[in-house]
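A.B. asks: What follows is each chain in one-letter form.
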Amino acid sequence: MDTAVRELSYAQAIQEAMALAMEADERVFLMGEDIGVYGGAFQVTGDLVERFGTDRVMDTPISELGGAGVAVGAAVTGMRPIFEFQFSDFATLGMEQIVNQAAKMRFMLGGEVSVPLVMRFPAGSGTGAAAQHSQSLEAWLGHVPGLKVIQPATPHDAKGLLLAAIADPDPVMIFEHKLLYKMKGPVPEGHYTVPIGKAEIRREGRDLTIVATSIMVHKALEAAETLSGEGMDIEVIDLRSIRPIDRETVIESVKKTSKLLCVYEAVKTLGIGAEVSAMIAESEAFDYLDAPIVRLGGAEMPIPYNPDLEKATVPQVPDIVSAARDLVKGVR
Amino acid sequence: MAIARKAISPEQTNLPFAYRQYSPDQLRDVLRKMYLIRRFEEGAEDSYMRGLIHGTMHLSIGQEASAMGICMPLHEDDQITSTHRGHGHCIAKGADVKRMFAEFFGKTTGYCKGRGGSMHIADVAKGNLGANGIVAGGIPIAVGAALSSKRMKTGKVVVSFFGDGANNEGAFHEALNMASIWKLPVIFVCENNGYGMSTSTARSTAVKNIADRAAAYSMPGVIVDGNNFSEVAEASHAAAERARAGEGPTLIESKTYRYRGHSKSDRNRYRTKEEIEDWITNRDPILLFETELKEFGIIDDKGIEAVRESVKQEIADGIEFAKQSPAPELSDLDRYVYTEVA
Ligand SMILES: Cc1ncc(C[n+]2csc(CCOP(=O)(O)OP(=O)(O)O)c2C)c(N)n1
Ligand SMILES: [Mg+2]
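Protein sequences, first through last, are from chains A and B.
The first sequence begins at -8 in this note's numbering and counts up one residue at a time.
The second sequence begins at 45 in this note's numbering and counts up one residue at a time.
Worth flagging that the hints you see were computed from the coordinates, not collected in a lab.
Even glycine gets a Cβ: it sits at the ideal position worked out from N, Cα and C.
Possibly wrong hints are sitting among the right ones.
[Unchecked claim] Label-pair distances were calculated between CB atoms; the ranges are:
1. A:118 x B:225: 49 to 55 Å
2. B:378 x A:247: 29 to 35 Å
3. B:386 x A:53: 54 to 60 Å
4. B:246 x A:69: 51 to 57 Å
[Unchecked claim] Covered stretches of chain B (in silico footprint by chain A; criterion: 3 or more residues with CB under 8 Å from a CB of chain A, positions within the stretch not fixed):
5. 68 to 77
6. 181 to 187
7. 308 to 319
8. 332 to 341
[To be verified] Partial list, computed: chain B residues near chain A (C-beta under 10 Å):
9. 57
10. 59
11. 155
12. 156
13. 192
14. 200
15. 241
16. 291
17. 348
18. 384
Using the sequences provided together with the hints, build the complete structure.
C.D. replies: This is the structure in structure tokens:
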């Protein structure tokens, strides 16, 4: 069946996925703060409440811990909740239910239940919302077996990965960068899924592998484009999923390029860059390395309010360009 | 049995609730189950002392009437979430002590295939969604299960058991509020045994009765003597009817007492021997119930002896089953983390 492809924003793509899932399956419903008539803090649920009613687009009180727990309870008893955190920072309030309950319930009960739960987290900086509304906490959750953690970077993937998450029998945490919500891109009509746990090579190249997540994929692509003007041929991998993580794609790429740069917005240390670096250090790709691995991540500090300071806290295109150029030229 | 001649008719409305509501057979079975809970926990404690069970455990000895009274009015497919002190809830909801012992012994025949142990004991088939290692962790989950019941129109009622200590967790307050605004079929059962570990409710809790908290969430708050089976059952019955009628949640505070220490590491420094002795001697839930049953002619000493004997046998069989059961294979170490997709 040929499906038409239109331009949709990342937010519209997510909304379309939720609508499709709710149409197809009575058990799917949405929970979150101000996702009904308000349409969600980032207008992701938009007018869905008009189509599906308040029972299926359910405003919760401002109760992240309790709300997350209700979603867990509904999931283990036959429903398929999609829980929206208003900001990913508020995962901190729901952590108990996510980490101790959702992630472990199946295991603790010896496989007697599944927890088919989706949680959506608007994440990242760049909106001037300062330290408590701008964090990238995906690695926190990525550290928890029992969860799956994904970071779609394009409207196409936002829809396809969300549909995969809804169909998944286990809890899937989706980190959506707030600056991506308005980004447009081609999105097929109808139902399709993008596999969880598979990275995507966004641009092929031979001189350097950049492994990036979420919004950094776009910045890395921009940097690669700039450097292609200087004759450098850079491969950009969109990791898409941090748990499970696609070792094979990254390892194969580094074997080809012999150089690795990791770019991510979250605080640099103890994060996804460390994991990707270790993955290479532990694999046969290590022998292929021609230069030390380089990580570009967020500064070791909270996100500041002032827009110039805010930008300086996370990797920007010029940072990637210069790090990549140095690596390719063997400066470091 | 000769005692059956004193069978009670429902017209005798001055009798306590349980004697109007349940048949003599059912009441004798309640007694049996209360014994089963106690002997199960004694058996578990003994096995622990012998090194057959590792980790720790939280015994509910002294709280048997509370577990039985709450679960008696429930239907088989009604659901519960339980606590770290959850052996009684599990048995009261219909679990088989064989598989509970097997779980404690870490065996594959256990309810959680040896992955959960005492603190995560569950019996999903009988509606027990699991004990919980996190104080108040199960409360919002019960609300979610009640949401499923309402949306999927299954008619199920969900009970959330928790201790007095849990009433000071945010999860308790958030969960009660949501259950109330959405009028969900859930019963919040606070088993107030006077202490959260060493901290008495007088020191931990701003209100005198935890049931008083119900007012803040616009639901009935009911206080019962948790050592009186009939009183607990009556409150649970009413709350379940209210839930099934779509009228929303109830908070029941079941005042009771645990005889044993909080867990295996407790030196009992925060309470007196006299206090413990007083509850054991004067307010034991099993003794009280037994006495009542005898008074109403539902059982006699011989009958009680027979109950004790059969329970003793069931416990011995359970422990034997656990001992004989296979341990998990190391090759299965990482199973059940994610759902195996065929
Ligand atoms: C969130 C959390 N905090 C602390 C503990 C440690 N802990 C386990 S049980 C318990 C006491 C709980 O008291 P209560 O709720 O009254 O239940 P009881 O043990 O009396 O049955 C504590 C402090 C825990 N398991 N979870
Ligand atoms: Mg207590």
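A.B. asks: Next step is simple, just say for each hint if it's right about the structure.
C.D. replies: Quick rundown of the hints versus the structure:
1. A:118 x B:225: 49 to 55 Å: violated (31 Å)
2. B:378 x A:247: 29 to 35 Å: Roughly 31 Å apart at Cβ, these two residues keep to the hinted range, so it holds.
3. B:386 x A:53: 54 to 60 Å: Violated - the Cβ-Cβ distance for residue 386 (chain B) and residue 53 (chain A), about 41 Å, lies outside 54 to 60 Å.
4. B:246 x A:69: 51 to 57 Å: Since the Cβ atoms of residue 246 (chain B) and residue 69 (chain A) sit about 42 Å apart, the hinted range of 51 to 57 Å is violated.
5. 68 to 77: Our answer is that it is violated, as 0 residues pass the Cβ test (under 8 Å) against chain A, missing three.
6. 181 to 187: Coverage by chain A holds for the region 181 to 187 of chain B (6 residues, Cβ < 8 Å).
7. 308 to 319: violated (count 0)
8. 332 to 341: violated (count 0)
9. 57: Interface hint status for residue 57 (chain B): violated (38 Å vs cutoff 10 Å).
10. 59: violated (37 Å)
11. 155: holds (7 Å)
12. 156: holds (4 Å)
13. 192: Since the shortest Cβ distance to chain A is 4 Å, the answer is holds.
14. 200: At about 8 Å, which falls below the 10 Å cut-off, the nearest Cβ of chain A leaves the hint on residue 200 (chain B) intact, so it holds.
15. 241: Violated: closest Cβ of chain A sits about 19 Å from residue 241 (chain B), beyond 10 Å.
16. 291: violated (18 Å)
17. 348: violated (36 Å)
18. 384: holds (8 Å)
Of the hints listed earlier, those the structure fails to meet are numbers 1, 3, 4, 5, 7, 8, 9, 10, 15, 16 and 17, in rising order.
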